[in-house]
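Chains as they are written, first to last, in our numbering: chain A, 1 to 229; chain B, 1 to 265.
Check before you lean on any hint, since a few could be wrong.
Stated by the list, open to error - Derived lysine-lysine pairs resembling DSSO-like cross-links, with alpha carbons at most 27 Å apart:
(1) A:Lys133 / B:Lys37
(2) B:Lys133 / B:Lys92
(3) B:Lys88 / A:Lys133
(4) A:Lys43 / A:Lys133
(5) B:Lys133 / A:Lys133
(6) B:Lys37 / B:Lys10
(7) B:Lys37 / B:Lys188
(8) B:Lys10 / B:Lys92
(9) B:Lys10 / B:Lys242
As the list claims (entries may be wrong) - Some but not every residue of chain A turned toward chain B, in silico, with C-beta under 7 Å:
(10) Gly72
(11) Gln73
(12) Gly107
These are calculated hints, taken from the structure and not from any lab test. Every residue, glycine too, gets a C-beta built ideally from N, C-alpha and C.
Spelled out, the chains give:
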Amino acid sequence: MGPYAKEELLACVIARLLGGARHAAIGASSPIPATGCFLHREKDRTFRVSLQQRRAANPFSEGSRELFDLAGQGRIDTFFLGGAQIDGTGAINLVRADGRRFPGSFGSAFMYPMVPGTILFREEHSRRTLVRKVDFVSARGTPKALLTGKALFSWQPGGKRFRLESFHDSSREEIAELTGFEYDVSPDARQTPPPTAEEIALLRGPVAKLVAADYPDFARRVWGTTLAA
Amino acid sequence: MSDVESLASKIPDGCLLALPPDYSLVAMEVVRALVRKRSRNLRLLGVPILGMSADLLIGAGCVAEVETSAVSLGEAGLAPRFTEAAEKGEIKVRDATCPAIHTALQAAEKGVPYMPIGGVIGSDLIAGRPDWKVVDDLLIVPALRPDVALFHARWADEAGNVWVGRRRELATVAHASRQTLVTYEELKKGDMLEDELLAPGVISSVYISATAHAPRGAWPLGVAGVYAPDDTHLSQYAKAAKTREGFQRYLEEWVLTPRKSFSPA
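The following block holds chain B by itself, in its conformation from the complex (with noise of 0.2 Å):
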C-alpha cells in the first residue's frame, strides 16, 4: 500500500471529513484514492466552500451529507456531480456561510461550545439550521468538531510539521479537528519552527496525526508558487461531468488507473 492509500486507509466511512476550497491547497490525490477504496457515507465539510474534490466524491456516490457555503468549480463553472446530486436528493445538503463555519471551527479550537457572529440575520439560511441560535440579534453558531481535516501542504519536515503559507484556515481546521491528515510536495530536513521566516506558515506536529508524500498531489488543482491549477484539465472536467456517463468516464481515465493520476499538467 502507497503512503497515500495508507493515508486514506485512515479515513473511516461516515466521518465528517473537512476539505478546503480550491484554491487552497487540496490533496486531490487522497480524493482519488478515496474513489478507489469505494468510501461511503462521508459528510463533507466545506471550509468554507467546497470545488472540485467534493464533486467527484459525490459522483463517485462516497458522500451522504455536505455542509458548506457553496460548492463550485469557478471560472470551470457549476459542480455538475453535485448539482444533479442536489437535485435529486441523493446527498443531503446543510447551507451554510462562509463565517459561520469559520467562526464554528475557531470555537472548536478555542475549546468552547458556541461563538457569535454578525450579519446572516434576515437570511432563510437560519430556517434549514436548528443548531443555529439568534441571540440579541446575533447568530450563535455550535463548535464544528470534524473528524478528520485533509488537506496538501508545501512542506512536511522531519519533526512532524507542515507548511501551509498564508492558507491559515487549514490552521483553524486542524486545530479543531480529532485528526490531521496531509499529503506534501517536498520534505524538509530538520524542524521549521527553528526557522524564523518559515515559522509562521507551520503547522506545528501537536495537531498532525499522520503525512504522506504526494508530489503534485494536489493536481489538477495547484499549489501557490510551485504549479498553477491546470485550467485546461478543470474544463476538461467541468464539460466530461455534465452526464453520468462523460463523469464515469472520466474516473476511469483520470482516478480507477492511479499512474494516469499523476499526470504532470
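Extracted from the complex, chain A is given alone in its bound form (with noise of 0.2 Å):
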C-alpha cells in the first residue's frame, strides 16, 4: 500500500461507483461508505447523502420509517449493506450461521430490492465471509457491486454473477484463494488505482471534517481528525 490509509482507498472506490446519482442512504455503523458518499458530494454538490443514524441534524423529520417511504417510492438511489455472510447470488446473511447469532436483518429485506444502486460492502475478505450460499437469506436483490478490503466486484446482471474487478493490495491468485463462491474474471482485472493527489487532499480536507461530526472514533483513527479540528 502506499502512503495512504486502506480506509481512504476504500473510500474512493466508493466514491468512483456513484457517478450520476443522486441520493444515498446511509444506514449504522458504515463510516467509509459515509466517507465515499462525502468524497463524491465534493465533485458533484448535487448528490445528498441522508445519514439515518445521525446524531445531531438527522436528515428524517418523520421517524425511522421515513428512509423506508423514500426508498419505497424511488427517492434513494444508493444504499449500502454488508453481511456477516455475502453470497455469490448476491443474498446477504444477518441473521445465523454455524450456531452462532447476529443481530439481525434491519431493514436490508426491503431496502436491498428497493434501491437499484445497492453496494455490497465488507471488510473482511474470507472463505467465512463470501461464501457459495448463505445459510439464511436476509434480503436479496440486484447489487450494483461488492467491495471488500481485498477487491472490488462488479455484478452481471445477465449471469447473474460477480465478476472480479480490481484487487488491493492482493492478487488473482489470493482472491481466489479466498472467496468461497464462483465467479468471473474481467480481462481488464488489475490492482486497484490508488487515491490521485485530489482525492487525498478532499479526504483530508473538508471530508475529515464531516466525517468527524457522525464518526468520531474512525476520524481520529484515520486522520487524528476531532471534532474542534
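Take the two lone chains and join them into the complex the hints point to.
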C-alpha cells in the first residue's frame, strides 16, 4: 500500500462507483461508505447524502420509517449493505450461521430489492464471509457492486454472477484463494488504482471534518481529526 | 414507591412491551426498575430495532420473546446478552425487518387488520413468519397492537401531553398501543398544543396512560439537544456484559443500587 490509509482507498473506490447517483442513504455504523459519499459530494454538489442515525441535524423528521418510505417511492438510489455472510448470488445473511446469532436483518429485506444502486460492503474478505450459499437469506436484490478490503466485484445481471474488477494490495490468485463463491474475472482485472492527489487532499480536508461529526472514533483513528479541528 | 417504580408496576409480566431503539428516547430508568421488580416473560417489540434496553432485560431474565429487526449496541458492538440467549435458545426470536414493523404499527393506528408493504419477497424472514402472507407479490403484515409502549420524552405538560420532537415512530407506537407509559425530562406549564412551534412534536394526552418525572431518564442513552449518549459507559457495558459474571457485576453496580443509576455522565 502507498502513503494512504486503507480506509481512504476504500472510500475512493466507493466514490468512483457513484457517478450519476442522486441520493444516498447510509444506515448504522458505516463510516467508510459515508466517507466515500462525502468524497463524491465534493465533486457533485447536487448529490444528497442522508445519514439515518445522525445524532445532530438528522435529515429525517418523520421518524425512522421515513427512510423506508423514501426508498419505497424510489427517492433513494444508493444504499450500502453488509453481511455476516455474502454469497455468489448476491444474497446477504445478517441473522445466523453455524450456531452463531447475528444482530438481525435491520431494513435490508426491504432496502435491497427497492434501491437500484445497492453496494455490498464488507471489509473482511475470507471464505467465512464470502460463501457459496448463505445459511439464511436476510435479503436478496440486484447489487451494483461488492467491495471488500481486498477486491471490487461488479455484478453481471445477465449471468447473475459477480465479476472481479480490481484487487487492492492483493492478486488474482489470492482473491481466488480467499473467495468461497465462483465468479468471473474481467479481462482488465488489475490492481485498484490508488487515490489521486486530489482525492487525498479532499479526504484529509473537508471530508475528514464532515466524517468526524458523525464518526468521531473513525476520524480520529484514520486522520487524527477531532470535532474542534 | 417513586414515580418511576410506579410506572414500572403498570407493566405486567408476559405483556407485549414496545421499546424504541437506542437513538430514540428510551426510558432507561423504567427499564432498570423492571429489572429490580423481577419482571418475567416479557415479550419485547423493537420499534423497529433494539439495543441496550433489551440486552439488560434479557440478561436479567425478564424476557421470553423478542420481535425485532435487530438487536445491537451500535458502535459499541454486538448486544452480548441477546446474542448468548438467542444462541442457547433461552429466548424466542421473531425476526422481522424495519419497515414491516412500522407498517404493522401503522395498520394498528388506523384500526385496520393488515397492510401491504413492498420488498421483502425473496427473504427467508417470510418462512419464519406464518403470520405474514404474500398476495400478488406484496407482503401483507397483520396489525401489531402492543399491550404497552414505553419511552422517554423531552417534556410533559400540565395537560398530560408529551413532546418527542422528530421521533415520530414514538407517536405511531403510542397510537397503536393499548397503554402508553412515558417518563420525561422536564414539566412544562400549560398545554403544549397551544404552541404552534411545539405542537408538531407533541403526542396528545389522548394516547398517554401515565407519565413519571425522570431527569436524565434515558441515561446512558441520550436525549437529542439535551445530553448525548454516554459512549464511554456504553462501551464499558458492552465489555462487562460479554460474560454472565461481568453482567451480574454491572447489574449490582448500576441497576440494583438505584441511586447509582442516576449517575451523571
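Cross-check of the supplied hints:
| no. | hint | in the structure |
| --- | --- | --- |
| 1 | A:Lys133 / B:Lys37 | 45 Å, violated |
| 2 | B:Lys133 / B:Lys92 | 21 Å, holds |
| 3 | B:Lys88 / A:Lys133 | 24 Å, holds |
| 4 | A:Lys43 / A:Lys133 | 38 Å, violated |
| 5 | B:Lys133 / A:Lys133 | 25 Å, holds |
| 6 | B:Lys37 / B:Lys10 | 11 Å, holds |
| 7 | B:Lys37 / B:Lys188 | 30 Å, violated |
| 8 | B:Lys10 / B:Lys92 | 24 Å, holds |
| 9 | B:Lys10 / B:Lys242 | 31 Å, violated |
| 10 | Gly72 | 5 Å, holds |
| 11 | Gln73 | 10 Å, violated |
| 12 | Gly107 | 4 Å, holds |
Hint check: violations occur at hints 1, 4, 7, 9, 11; the rest are consistent with the structure.
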